[in-house]
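K.L.:
The primary structure of each chain is shown beneath.
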Amino acid sequence: MIRVENVWKEYGEQVVLERISLDIADRAFVALVGPSGCGKTTFLKLLLGEEQPSEGRITLDGQPLAPEPTPERGVVFQRYSVFPHLSVLDNVLIGRDFSGSPFRGRLGRVSRRAAADEARALIAEVGLSGNEDKYPAQLSGGMQQRLALAQALIMRPRVLLLDEPFGALDPGIRADIHVLMKRLWNETDLTVVMVTHDMREAFTLATRVIAFERPRNAPADRVRYGASLSSDIAVWPPRVAGLTDPDSTPYTFASPGGDDPAQATGPRRDDPAPPLAGAKP
Amino acid sequence: MRFINLKPSRTTQLMLAVLPFALLVIAYGVGSVVRLAENPSDKLLPAFASLVDAINRMAFTADVRSGEYLFWADTLASLGRLGMALGIATAIALVFGMLVGMFPYIRALLAPFLAAISMVPPLALLPILFIALGLGETSKVTLIVIGIAPIMVRDLVLRVLDLPREQLIKAQTLGGSSWQIGIRVVLPQILPRLIDGLRLQLGSAWLFLIAAEAISADSGLGYRIFLVRRYLSMDVIFPYVAWITLLAVVANVALDLLRRRVFPWTELGKAT
Ligand SMILES: Nc1ncnc2c1ncn2[C@@H]1O[C@H](COP(=O)(O)OP(=O)(O)OP(=O)(O)O)[C@@H](O)[C@H]1O
Ligand SMILES: [Mg+2]
Numbered sequence: 001m002i003r004v005e006n007v008w009k010e011y012g013e014q015v016v017l018e019r020i021s022l023d024i025a026d027r028a029f030v031a032l033v034g035p036s037g038c039g040k041t042t043f044l045k046l047l048l049g050e051e052q053p054s055e056g057r058i059t060l061d062g063q064p065l066a067p068e069p070t071p072e073r074g075v076v077f078q079r080y081s082v083f084p085h086l087s088v089l090d091n092v093l094i095g096r097d098f099s100g101s102p103f104r105g106r107l108g109r110v111s112r113r114a115a116a117d118e119a120r121a122l123i124a125e126v127g128l129s130g131n132e133d134k135y136p137a138q139l140s141g142g143m144q145q146r147l148a149l150a151q152a153l154i155m156r157p158r159v160l161l162l163d164e165p166f167g168a169l170d171p172g173i174r175a176d177i178h179v180l181m182k183r184l185w186n187e188t189d190l191t192v193v194m195v196t197h198d199m200r201e202a203f204t205l206a207t208r209v210i211a212f213e214r215p216r217n218a219p220a221d222r223v224r225y226g227a228s229l230s231s232d233i234a235v236w237p238p239r240v241a242g243l244t245d246p247d248s249t250p251y252t253f254a255s256p257g258g259d260d261p262a263q264a265t266g267p268r269r270d271d272p273a274p275p276l277a278g279a280k281p
Numbered sequence: 001m002r003f004i005n006l007k008p009s010r011t012t013q014l015m016l017a018v019l020p021f022a023l024l025v026i027a028y029g030v031g032s033v034v035r036l037a038e039n040p041s042d043k044l045l046p047a048f049a050s051l052v053d054a055i056n057r058m059a060f061t062a063d064v065r066s067g068e069y070l071f072w073a074d075t076l077a078s079l080g081r082l083g084m085a086l087g088i089a090t091a092i093a094l095v096f097g098m099l100v101g102m103f104p105y106i107r108a109l110l111a112p113f114l115a116a117i118s119m120v121p122p123l124a125l126l127p128i129l130f131i132a133l134g135l136g137e138t139s140k141v142t143l144i145v146i147g148i149a150p151i152m153v154r155d156l157v158l159r160v161l162d163l164p165r166e167q168l169i170k171a172q173t174l175g176g177s178s179w180q181i182g183i184r185v186v187l188p189q190i191l192p193r194l195i196d197g198l199r200l201q202l203g204s205a206w207l208f209l210i211a212a213e214a215i216s217a218d219s220g221l222g223y224r225i226f227l228v229r230r231y232l233s234m235d236v237i238f239p240y241v242a243w244i245t246l247l248a249v250v251a252n253v254a255l256d257l258l259r260r261r262v263f264p265w266t267e268l269g270k271a272t
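Keeping their order, the protein sequence lines are chains A and B.
Using my numbering, the first residue of the first sequence is number 1, and each one after it goes up by one.
Using my numbering, the first residue of the second sequence is number 1, and each one after it goes up by one.
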């Protein structure tokens, strides 16, 4: 569980976030919405460890977050998430290369072949089979984001952080990638926090939608008052990872409630999701 | 149709490219004929025949005193110095460019220093180098290195800093250590830029080489040009200058080809 306790974030004089407290249950899918410039990316950076809270603390399963990015927290940004100088396969393999080869940063031939099987399975999972040898510049925007997902998932992160990952995609491709995203969330032992501008996307994917807002948005107050959590909506009917049919989406709005009923209700699946990429083709 | 929309065909393009060169040669030929008609012993613009003569004498006839083919000996000497200096400068640029670009502590330590020393005019250091390192090869190579390395380092630092922050964060979430991120993410992406940086510095490198050779050397293309200047031997100087230019142009093209061959993805990025 991720616990955010009374977190403030200031850049110099500018207060960006204030009094943020929230708990995110394991395997939740949280959508973070709010007006532009209200600090969503900043909040994600705090979860990622790229920035530190000015006050308050964030814990993951009771342990304070490492003050720098670690493999337990994967990330996909809106752009620049993949490495332009590596082929699709190498982009997915690089995580394995890092963990298996401290000095060369690249696995030896034999272990690399085994890892490549796993990577290929993952590439197939995100629908990129046949593109293993292409470079990112040869892929469309949607394909690059799928690649970024595969690249992050090979580390089997506990938490996946997404910053407007699909914001630049056209609606058709976005719908495809939503189906993929739901499936990955259902099949993998993953807690997702996703920033989005698209309410529809938020309610299609998430178990819980959280909105940030600046309560005082007069120009004079912009510097001294930051954004805080303005609503916290559990999506109804509750989605539970691994249980909900990923493609049925008759969503309605629940009344804003503070205490996260999405996770509190419904039986939890206690056997872990089948290993996603471990299966040999 | 607007001029900005008119594009030459391939053959036209080729002809247009050749045109300025042809004009230069013609202008030279005409000038030479005119001057020689006025004064047959004029040395400023020797006839083409004298140029060919001089090339023959320098490149294909052994020197009576040393038994060497001077043109090739000079070329070898100059390219040796240049190659060594470019190698050293490239190594320095790579190591310091990455260290300064990647690590804020090293940046805080070295960036202001680098900015300052890259402003020192290298030629002003030449006397110091000659005094401190003697008149041999070391001082010439050092001059070139001092002349081009700081700019190459700063160029690479900028390139490292230009890498999207997202990439470095992503690499960390994939478990990369500083070292691993350096060799797998940063290095491959700045190597192409290093080659380009080298290309841009080729001109300066030749400048410093010839300056050093002009002042103190016993062989080398620059040495020869300044030696024969005393006898107004334009018939030697012109071919040498053309040869130096050709060498620089070939090196430039070769480096560009190398980049395209070794880093094919650098071209893809431009297309999109
Ligand atoms: N490094 C920084 N230094 C100073 N101020 C910053 C910094 N990063 C962000 N801010 C400020 O913090 C506020 C929130 O920025 P943030 O990028 O988190 O917004 P956002 O909610 O992600 O916006 P968008 O929806 O447009 O992406 C902005 O007003 C911005 O000016
Ligand atoms: Mg943002």
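Take the hints with a grain of salt, since some may be wrong.
Said to hold, decoys possible - Quick look at which bits of chain B chain A covers, simulated, 3 or more residues with Cβ under 8 Å:
#1 168-182
#2 185-196
Said to hold, decoys possible - Now the in silico label distances, taken between C-beta atoms and shown as ranges:
#3 A:P67 / B:A108: 14 to 22 Å
#4 A:A114 / B:L133: 49 to 57 Å
#5 B:A124 / A:S140: 22 to 30 Å
#6 A:V179 / B:L158: 51 to 59 Å
#7 B:L158 / A:Y225: 36 to 44 Å
#8 A:A124 / B:M84: 24 to 32 Å
#9 B:L257 / A:N6: 58 to 66 Å
#10 A:S140 / B:R10: 30 to 38 Å
#11 B:N252 / A:A124: 40 to 48 Å
#12 B:S204 / A:S140: 41 to 49 Å
#13 B:V241 / A:A114: 56 to 64 Å
#14 A:Y225 / B:A124: 39 to 47 Å
#15 A:A114 / B:A108: 37 to 45 Å
Calculated directly from the structure, the hints in this document are not laboratory data.
None of the values given here were measured: they were computed from a predicted structure.
The C-beta atom is built at its ideal place from N, Cα and C for all residues, glycine as well.
K.L.:
Hints first: check each against the structure and report whether it holds.
P.N.:
Here is how each hint holds up against the structure:
Interface restraint, the segment 168-182 of chain B with chain A: holds (11 residues with C-beta to C-beta distance below 8 Å; minimum three). Residues of the segment 185-196 of chain B lying with their CB closer than 8 Å to a CB of chain A number 3, which satisfies the three-residue condition for coverage. Against the hinted window of 14 to 22 Å, the Cβ-Cβ separation of A:P67 and B:A108 comes to about 20 Å, which satisfies the hint. For A:A114 and B:L133, the hinted distance range of 49 to 57 Å is satisfied, since their beta carbons lie about 55 Å from each other.
Here the CB-CB span from B:A124 to A:S140 is close to 55 Å, at odds with the stated 22 to 30 Å. The beta-carbon spacing between A:V179 and B:L158, approximately 42 Å, falls outside the hinted interval of 51 to 59 Å. Look at B:L158 against A:Y225: about 37 Å separates their beta carbons, and that is inside 36 to 44 Å. Against the hinted window of 24 to 32 Å, the Cβ-Cβ separation of A:A124 and B:M84 comes to about 51 Å, which falls outside the hint.
Checked against the hint of 58 to 66 Å, the C-beta distance between B:L257 and A:N6 comes to roughly 60 Å, which is consistent with it. Between A:S140 and B:R10, the C-beta spacing of about 32 Å keeps the proposed range 30 to 38 Å intact. Taken as a hint, the range 40 to 48 Å holds for the pair B:N252 and A:A124, whose Cβ atoms sit roughly 45 Å apart. Taking 41 to 49 Å as the suggested C-beta distance range, the pair B:S204 and A:S140 conforms, at roughly 42 Å.
Evaluation of the 56 to 64 Å hint for B:V241 and A:A114 yields a pass: the beta carbon distance comes to about 60 Å. As the Cβ distance of A:Y225 to B:A124 is approximately 57 Å, the hint placing it in 39 to 47 Å is violated. Judged by the Cβ atoms, the range 37 to 45 Å given for A:A114 and B:A108 holds: they are separated by roughly 43 Å.
Figure legend: structure checked against the earlier numbered hints; hints not met, in rising order: 5, 6, 8, 14.
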